[in-house]
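> Each chain, written out:
6 protein chains.
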Amino acid sequence: MKLKVIVPITSKVFEDETKEEIKTMAGPGVVLDAEGIQYGTASIESIYDELLCAPGIIKVGEKAQSEGFDGIFVSCMGDPAVEALREKLDIPVVGPCRTSMIFAADLASTFSVVTVLENVKYLIASIAHQLSLSRKLASVRSVDIPVLDLADKEKLVTSLINESLRAVREDGAHAIILGCTGMMGVSELLSEGLKAEGCDVPVIYPVPVAIKYLELLVSLGLNQSQMTYMTPTKKERNIWDKLS
Amino acid sequence: MKLKVIVPITSKVFEDETKEEIKTMAGPGVVLDAEGIQYGTASIESIYDELLCAPGIIKVGEKAQSEGFDGIFVSCMGDPAVEALREKLDIPVVGPCRTSMIFAADLASTFSVVTVLENVKYLIASIAHQLSLSRKLASVRSVDIPVLDLADKEKLVTSLINESLRAVREDGAHAIILGCTGMMGVSELLSEGLKAEGCDVPVIYPVPVAIKYLELLVSLGLNQSQMTYMTPTKKERNIWDKLS
Amino acid sequence: MKLKVIVPITSKVFEDETKEEIKTMAGPGVVLDAEGIQYGTASIESIYDELLCAPGIIKVGEKAQSEGFDGIFVSCMGDPAVEALREKLDIPVVGPCRTSMIFAADLASTFSVVTVLENVKYLIASIAHQLSLSRKLASVRSVDIPVLDLADKEKLVTSLINESLRAVREDGAHAIILGCTGMMGVSELLSEGLKAEGCDVPVIYPVPVAIKYLELLVSLGLNQSQMTYMTPTKKERNIWDKLS
Amino acid sequence: MKLKVIVPITSKVFEDETKEEIKTMAGPGVVLDAEGIQYGTASIESIYDELLCAPGIIKVGEKAQSEGFDGIFVSCMGDPAVEALREKLDIPVVGPCRTSMIFAADLASTFSVVTVLENVKYLIASIAHQLSLSRKLASVRSVDIPVLDLADKEKLVTSLINESLRAVREDGAHAIILGCTGMMGVSELLSEGLKAEGCDVPVIYPVPVAIKYLELLVSLGLNQSQMTYMTPTKKERNIWDKLS
Amino acid sequence: MKLKVIVPITSKVFEDETKEEIKTMAGPGVVLDAEGIQYGTASIESIYDELLCAPGIIKVGEKAQSEGFDGIFVSCMGDPAVEALREKLDIPVVGPCRTSMIFAADLASTFSVVTVLENVKYLIASIAHQLSLSRKLASVRSVDIPVLDLADKEKLVTSLINESLRAVREDGAHAIILGCTGMMGVSELLSEGLKAEGCDVPVIYPVPVAIKYLELLVSLGLNQSQMTYMTPTKKERNIWDKLS
Amino acid sequence: MKLKVIVPITSKVFEDETKEEIKTMAGPGVVLDAEGIQYGTASIESIYDELLCAPGIIKVGEKAQSEGFDGIFVSCMGDPAVEALREKLDIPVVGPCRTSMIFAADLASTFSVVTVLENVKYLIASIAHQLSLSRKLASVRSVDIPVLDLADKEKLVTSLINESLRAVREDGAHAIILGCTGMMGVSELLSEGLKAEGCDVPVIYPVPVAIKYLELLVSLGLNQSQMTYMTPTKKERNIWDKLS
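Residue numbers (the numbering used here), protein chains in the order written: chain V, 1 to 244; chain W, 1 to 244; chain G, 1 to 244; chain U, 1 to 244; chain H, 1 to 244; chain F, 1 to 244.
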């Protein structure tokens, strides 16, 4: 089974880190391949950024299918272009936000997402609402750190613990979702930090969860519905002239 | 007051027809200017198409603001890039689907949208849901005519009447929204056709409604919330290198 | 276009102030005419008051249609008798609460209403719920000033700023609706006061918004649905013997 | 315990029939007293009628409290003036629509209301929605018989059976609420008719249910919340000059 | 009319106290009989406990019907086995949580439940959600006292007042439901305590409310829907071999 | 990794068939062990049956944890005792209905469940509602075949195809969930049958999906929230005296 992990931004650093990170995540017989996009934005922190990256993501996704990949994971919490790829492709496409939220909906009565910046709160809440899970979304909180500054892990972990505790104690969250796929290598520290405060809740880091979920779908032959995500009709699409 | 009407596809025919159509729609002291996009898709009939047109729409929108326009209307029922433009710009940006639905929500207990193809039903229902209006959306129906074939007005009107009657009689709709901004010049015929069948419900053609709504917002100094639609942070966005 | 503004209470002061206020609100070719009711209550601050004013409002509304008016705006945030008039009349009837809320639903992900007294909070929340917008209503707050004491603008503005800030910071509102049509001449001061506190959200003063919305409906030939608001059947209605 | 049954219309026939009907409904130690209103409309079949009857209903309700009644039941499925009386009075006030719906919500997963005319369907659905029970309301159907023609019991029962069967079989209702308090003496016939068709669902006739519910509230000292239904503030209410 | 009150735990103390308590609750002509279960758990403070008591409750319920009882009340706020008994039996079965919540939904716009332990908050919120009343549930709070320690009435009343005040002031509750049927003899004290703090809201003690509601159902011949609660099919059920 | 599959009924045939069926479902390094219950009911087709089987299920679950199993799957579409086990145990516990529904919620805008008998429709709809997914549940349909008669695969497949087609065409489902874990070996036939009718939707057979989901949770160290599912307090539970 070959799975493509799309790093849907133009930052090479993130592409490299993702390649490194996912090395240990593949199950037996699973090949994981991460790939960035060529044209878009350096990071995604708004609907605006999402849309500017979308053509680049779609391009990598279409190529992946043509190269024989069995499934696609778009590694950004806004789930950019996930539904567009679901329309266009025959293979399963998953997003980390959707996946984390449905899992949290099963494991806890309520959950919060702790993300990077205030700017993406509306975007993430909209995905919960689209999935019909608004009632279970206790809050979206932010650590107020831009995506490209997430490398300072100590600062990140401290902020994550603080905001997660507030999510649990003030907002009533019973599970925490890390709200950016760039929050690498911190979920265990967050989990321990919360337990040290007497707060034993599931901490969901979306990257491995979404990858395993994609493996599961592929291995069972499950796919997105062709009735929800109908194949786009044929027509002239001159954007490809510019982005090829 | 200068308002920009973005025809968010690459079809020149539609751009020209829109220019013609809106001539009579401007209120006193209002200048309406329609403009198509350079790169994208010939029509929008999927989320896939929407995302491929989004950068082109954003580009026209940003240019409009820099040229002193006071408001923007993106003339496509998927409201493509409307929320991204709301983040990026300081002037009001409206979409026909959002506008029609909030008006219908006031004027009737339920409404249906009659659109072009099955493919866009999920997209339109998602907008209703995002606005919290799912409960009032009786149904989304389609006339099964692609956007680029809407020129056959007779066929279109017949299908619109049939599907609208089913929306009212079978689905319980109390108002009808025309589900494509390319359904030009047919709303009165639909309205009369429905009345002839004993079915007196509001028929909302989104183009003039959204334009008047935009005029209203500009004239009263109202704008989208800067807290919902926060300004995108600064960063490298190399997509513009390709699309300039 | 002739539009009737019903001041749905018996206080002559409010009728006069409304007449004065709306002078500048009419668009080109629009005649606005304000009229109070003869029998009812001095102000509306409860469902009880609403119902006692309803026959008087209906009477003015029926007269307006018979005199050739093209649309009616009932200027009170409880939208008293709006739905009854929609049943009885052939011309569009709008209410400030419904109108403000649908506009806010488009412009922001959440909104709060800041009204006069605790007594009307349930009434206003009920209208949001009826429109299916409960999820977007962050809160209803009150300045604790009765309608007939709103003349002290300084006190009013100070209280409005305080409660609006709490709505934004504590309740998560992204837009503010002024919760009484008697809050005349303060929306700009509120808006500035909020911006001075770093809080840039739309402030919706319902009076001009509803009037422009009514203009829009009339100019486009749009009306409330005859299927939601069916014409009352004929029967004896002896209340008119008393209230004529 | 003395309970007032307000017959909230001006039709003397209904007042008399109600007086007759409730004779057998009082529990031990309970005095039931029915009283019509002096000014209003002959029957209630619209929001318009409701509002025209409201002052008359309020007047009878206020008198009842001053005369020492312990609770009030407003016998019309639109629950006219029920919430206004709850604000004004210190004694419990119940409506048949609210009561029937909460009971049906406990006894069945879904329910339908079969009412008199299409005209009141929106009104009844609005009450379900206000109670947060829209999800459980399978449908509102009508027998298409005006209130004042309900005397033809045979026609009524036949229509009720037909519409109730459709509610169960087509709309998925698991309980039926009779949608007009004027549908006297037919609930058992409807129940038997449904059973004869293999349809064993609860049939709720709102009049005895609401009266027993009111008895229950009074006997346990329960009352509507003073925080939801706050006491109206003092002010001039000149409508009473006309309606005294 | 003979009504069975099932005390659905194995604690004899609670069975005896319930027998004592309900002596004064029966209406004229009503016989109330309380009975504990033989096998289960000493108290119910989790879904786990509920399920372990369920067979014992069902056994007492089936016996009650065979002995000619006319209705059953299962006296525990988790409404344990209520829906199972509704399937199996021909007589009405009521639960205190469902009953209190529907009554509160009529009497107030919002309500809170103040229960024993944090452990049961999810359970109680689930019942509100199942009834479609989540929107009206302001909060579930706990006094942090186990069921078997409720005998210390002074401590209980103090905690109830504190938590109820927070429910009203912080969570926006307009009515309070006592969240354990073991909170005997304290509702009036709670009500007085709240009034002393200026907080006049209905306090619903579920035991008498559910008993009176059951009386009402039986007296009017109303029953749970046989379509929602279908009769279980015949099959081998060997659990009875062990629990007989 | 050792996972326990609880066959939560007393039918030995089903236990044996499940043991056979799951042989091929275990991933590398995963041991799957199926076990029936000793006391309960022969099959589960009602809430009544669920509760009678619950203590037996709990017993097997507690034993599994004490024997070192890493996770538990309760193989019945009513998810019997799943939430009770989540409270009591430290290892993840999953149910097929919850799991299938969250997956369907991601893969399609709407889904239907096709189950065995009318009797379980309410039960299954309740689980969708509890997960906040009512809006996405297009319908619950039944093939009208009792659990213990599912061996006639031909009849089963024919009925499944018919009901699934109606779910898609009449109810608007975009995915189908097999509504009984006893519907073994038919999902591919159903999928092919639907495709032959032009209906290409995901068919979710819950057994492998739930097992893979459980594997995923265990492998990632994810567990149900200890705040939603709090550990039951200590107390006397004499039911175990009888069921040991």
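No wet-lab data here; the hints were simulated from the structure. Hints are not guaranteed to be accurate.
Cβ-Cβ distance ranges computed for the label pairs, FRET-style [unchecked claim]:
(1) Asp144/U to Asp144/G: 48 to 54 Å
(2) Glu154/V to Ala196/G: 34 to 40 Å
(3) Gly172/F to Asp200/G: 40 to 46 Å
(4) Thr24/G to Ser244/V: 32 to 38 Å
(5) Gly198/H to Thr158/U: 53 to 59 Å
Some chain H residues close to chain U (C-beta under 8 Å, calculated; not the full set) [said to hold, decoys possible]:
(6) Ser109
(7) Leu133
(8) Lys136
(9) Ser139
(10) Tyr213
(11) Leu220
(12) Leu222
(13) Pro232
(14) Glu236
Pulled from the structure, derived: some chain F residues nowhere near chain H, Cβ distances all over 12 Å [stated by the list, open to error]:
(15) Lys88
(16) Gly193
(17) Pro208
Every residue, glycine too, gets a C-beta built ideally from N, C-alpha and C.
> Which of the stated hints cannot be reconciled with the structure, identified by number in ascending sequence?
Hints 4, 9, 13, 14 and 15 not satisfied by this model.
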